[in-house]
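Colleague: Spelled out, the chains give:
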Amino acid sequence: MSDSSPALATHNRDLQHHFTTMEQQKDASVMGMWVFLVTEIMFFGGMFAGYMIYRYQYYDAWVEGSQHMDFWWGTINTAVLLCSSLTMALGVRASQLGRRRLTAMFLLITILFGLGFLGIKGIEYHGHWVDQQFPGTNFHFLGPNPRQVELFFSFYWAMTGFHALHVLIGICLVAYIAYHSWRGAYGPDYHNPVENVGLYWHFVDIVWIYLYPLLYLISHKHVSG
Amino acid sequence: MLEHVPFWPARASTTAGQVDALFVFLLILCGIVCLAIFTMIVVFAIRYRRRAGHEAEQIEGSNALEFTWTFIPGCIFLCIFVWGAYIYFQERTPPQGAAEVYTVAKQWMWKFQHAEGQREINELHVPVGRDVRMIMTSQDAIHSFYVPAFRIKQDVLPGRYTTAWFHATKAGTYHLFCAEYCGTMHSGMTGDIVVMEPAQYQAWLSGGGSTAPLAVTGEKLFSELGCSTCHHSDGQGRGPNLVGLFGKPVLLEDGRTMIADENYIRECIQNPTLRIPKGYKPIMPTFQGLVSDEQLNALVAYIKSLGQTQPKQAAGSSVAAVRPQLPTPQVH
Amino acid sequence: MTTSAVPIRERENYLNKEYGIKSWLLTTDHKRIALLYLMSITFFFFIGGFFALLIRLELLTPAGDLVQADTYNKLFTMHGQVMVFFFLIPAVPAVLGNFLIPIMIGAKDLAFPRINLLSWYIFILGSALMLYTILTGGVDTGWTFYTPLSTEFLTTKVVAAAMAIFIVGFSSILTGLNFIVTIHRMRAPGLTWSRLPLFVWANYATSIIFVLGTPVLAISLALVGLERVFHLGIFNPKLGGDPLLFQHLFWFYSHPAVYVMILPGMGVVSEIVACFSRKRLFGYKFMALAVIAIAVLGFLVWAHHMFVAGISLYAALVFSLFSYMVAVPSAIKVFNWTATLYKGSISYTTPMLYAFGFIGLFTMGGMTGLFVAALGIDVHVTDTYFIIAHFHYIMVGGMVMAYLGGMHFWWPKISGRMYPEGWGKLAALIIFIGFNLTFFPQFILGYMGMPRRYWQYSPEFQVLNVLSTAGASILAVGYLLPMLYFLWSMRYGKLADDNPWGAAGLEWMTSSPPTTSNFDEIPTVTWEAYNYDQLKEVPVERQ
Amino acid sequence: MSDHIATKKTYIVVWASLMCLTAATAGSSYLELGRFNIILALVIATCKAMLVALIFMGVKYISQKMTWVVIVAGLFWLFILLALSMTDYISRSWA
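Protein chains in written order, with our numbering: chain A, 1 to 225; chain B, 1001 to 1332; chain C, 2001 to 2543; chain D, 3001 to 3095.
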């Protein structure tokens, strides 16, 4: 709360006019970001609700669909995202320590991991497209319950698609932050943007942590890619 | 008495009386409460109007009052809930032995198939004094079967059956409305429910020419589509024996149990491999797109009629005569 | 309360500090952004109102004779979408809330001024898309976008409309986020939670709904868009998809959205009733608790829109029970407002007239809510004019009354001028009469069984429809009046004092209009909210 | 500013455990556990999410209690959405 006396606040170029102290500013920024992440939980939550309901109704079709996921690419992609989270965390740490070049470097590696993730996702998407596993008139499936499997693929594309969109947005944000970090916009006193982008990136990672078992690992009988 | 109230809608079913009773009760209750609140507001507003020499008295509030007006309305609300739920429970629980009318809704018309075989469009004849159960599905968007005089309404969904039932009490012609917005001519998707005295209804039934009961039509389809090659009534076929299946629980391959209701039978015809009974192979082809909704209704009516010991309707009896009933269904 | 010797006109304030388009379009001042919102939503209010008038004119006769069936369907669809998403939802939070919350809590601005501006630009982007939808042929899904009608059977601008609402949803999310953080982190020293005005509490509760509900609406509309554009089959019954899933997701937000449309109104009315009774609100703590309870319980009732839709019997029971639970805090609020009047010193100013109107109409709307929450009755009246009347009593009778009441109450603060009191009272009266004439007959129509969204109808419904249309034309006059005299007063109105009503609250302790930073010095709060015992009454003749 | 700064080692240990858990969840899908497959997978996923949230996102080090309230509220509302919509589907087939 804002009960710390304004007199104590040393003037700081990064303190916006409507805040009394840097601490108040930072608290507001952190809280704002978490509230935003809650909206993201609910955004994906809508799709998870649909996924859960249909999985309950059409479990066999879900197993069938899951067997056409690319197990290895999916697993590798999980690892890639986890690595990116590590470099992101190290980047934020570097900025807390005020080491701007190091921050920018870690952020750059994070971007590379992010691009790698999207690249692998692209390979997977391409494979599904070629195998006529994109819903609609083009969809073609020979196994049992083709319609419900199409439903599964609708969820696969929608959920991973929105997730990939978030990764893409994340990459842009990290790039922006990396640039400004390199230019020296942040220091040990003021690095809220770096932290917030970090939070966003980790959140997107958490979404994938759930998407991975829900989409790729429903059944043990994998068709390895 | 309510008949004389201007604008009061006609009442022609057993449900209507129940709904009206709760409605009138709520009208009186809410009327009294509203009146009390409005009177208090007016009285306070006049009595404590701002004037010279009068000052507001600061009152913090009163926990006792707050609890009172939390607790008492809470209890009243609970009673209303129970009453409303009771009516709804009855509306959603069709009585045994009701006459069945299969309904297909589409943009923008109502198609009815009586179990006796009569077909109607935008007009439905039913007798006074008999339970009638509507088994409804939609061919396109969501529609809603709404008969204000019966106080019943049920959305009609594509891809599955929803049901509603009523027991008409008064002869006459009543509105049938589509109550769920369904596109351009939503307001034109109306029809008439013609409630007839039983004798007249019988006359109407027999006057329609020679129509085969729905189950008989279904039986014909059953063999035409080749269903009978696998579904033997002796349990020796590649598919499960369907005699006596209806209404029984079915143990599925994945360990779940489902009741073989109309929706289950419908689903099995359209997506045969989705809910396979235990012990059977997923070899049945799908009939989605191959049979129309009307044909599907006939098939369902036929399968339901199989093995009914006490034929409850004309259709049931005629089919039971053709198909000897077998004692133990294989699927349970 | 510091009426300085300098004439008000010459004192620097947020309006005259800078001039020019740029100073408005690039402003981060919450007060200026509130005015930007005010202009935007007023524009949409009249568009939506125009659609409503056409609908009422069409329904003057049973035959579909004024417009084509498709046109009529577009009219009610766009009336609903424009009014709900582009007027009612942003009305009080984005205009009055934006203007007042920082001042009421003694802050210089919202926590994130640039995000506040961004939210307005997002709103404008969504608005542009909505206008594009309207101008290029419109959309006829109904405001609810029910699948599979919206995904498979319509050829109108469904995707554009869904995108428009998707986008304005983010504007609400950002506003809600900003309010939550601001109320938590920016309160003036001494302003504890139990000292906050109820308007702030109400907007806080609203923000909770914005943040937790809106994303679910966003994703359900996005999925409708994907289904139309890329033929994904999430709700497609041919693939085994369930159209009811869409309804679940849609109402998960859109039912709480009803509380978005009423909670801030409750906040406004609480301020007005306290001020013009010159009393602390009766049961302040319960009032604050009640708004939070409504916001939370409001999330547990959504499927009461689906009692006849084909949901399970047992789910219907659960949702009906929760619906009655949410009625309890609403009842508490009505009782407390009434009790506040007791032994007050009540003056009949325009805002107070609106507050009376609000309490009356909200009570009616709430009471009829008891009817529709009763499962047995809902089966009969859902999707009929009974529902139309019920939610218009809440949303128009409640929210629009509160919004107008609030606009009159804070107009001196916003513009620095007084509105003409006589005209104000006249307009309030016209609106009250017009409203009841428009919507009361619709309750009867609904119980008679007239379904909603009907372009042509059975002749026995005509008498009541004529009454309703007559009421709507009166209502239209009532709504035009305030806009005209507000505009007039901006130039010719009497200059307002800093605290023309003698009201409590930090917003009345700064100048009218406030300076850009709201306060010369951040106040330290040592008093409870609504400390009318410590305030001097403004002489009656000066009001 | 008194941020808690975690050590590099902490982050690397967390990352290594996340990788192990990923391997575990991938491996567990090869076991035939029936419906426990999904439960196990979700338990592991939740452990991973907790690690990321607590350490990488620094929830563990945040002094504000409000952050916890916000997170719990978000998860609780997600639960409302999932649980209440599921009540409909589960009970539809009840007689």
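It cannot be assumed that every hint is accurate.
Residues on chain B that point at chain A, a partial pick, calculated with CB under 10 angstroms [claimed, not checked]:
hint, residue
1, L1002
2, R1051
3, H1054
4, E1057
5, G1237
6, V1250
7, D1254
8, R1256
9, N1271
10, T1273
11, P1282
12, T1286
13, Q1288
Computed footprint of chain C on chain B, listed as stretches where at least three residues anywhere in the stretch have a Cβ under 8 angstroms from a Cβ of chain C [as the list claims (entries may be wrong)]:
hint, segment
14, 1030–1040
15, 1078–1084
16, 1151–1158
If you're looking for bench data, these hints aren't it; they were derived computationally from the structure. Cβ atoms here follow ideal geometry from the backbone N, Cα and C, with glycine treated the same way.
Colleague: Checking each numbered hint in turn, tell me which of them this model violates, lowest number first.
Modeller: Violated hints (numbers, rising): 1, 2, 3, 4, 5 and 6; every other hint is consistent with the structure.
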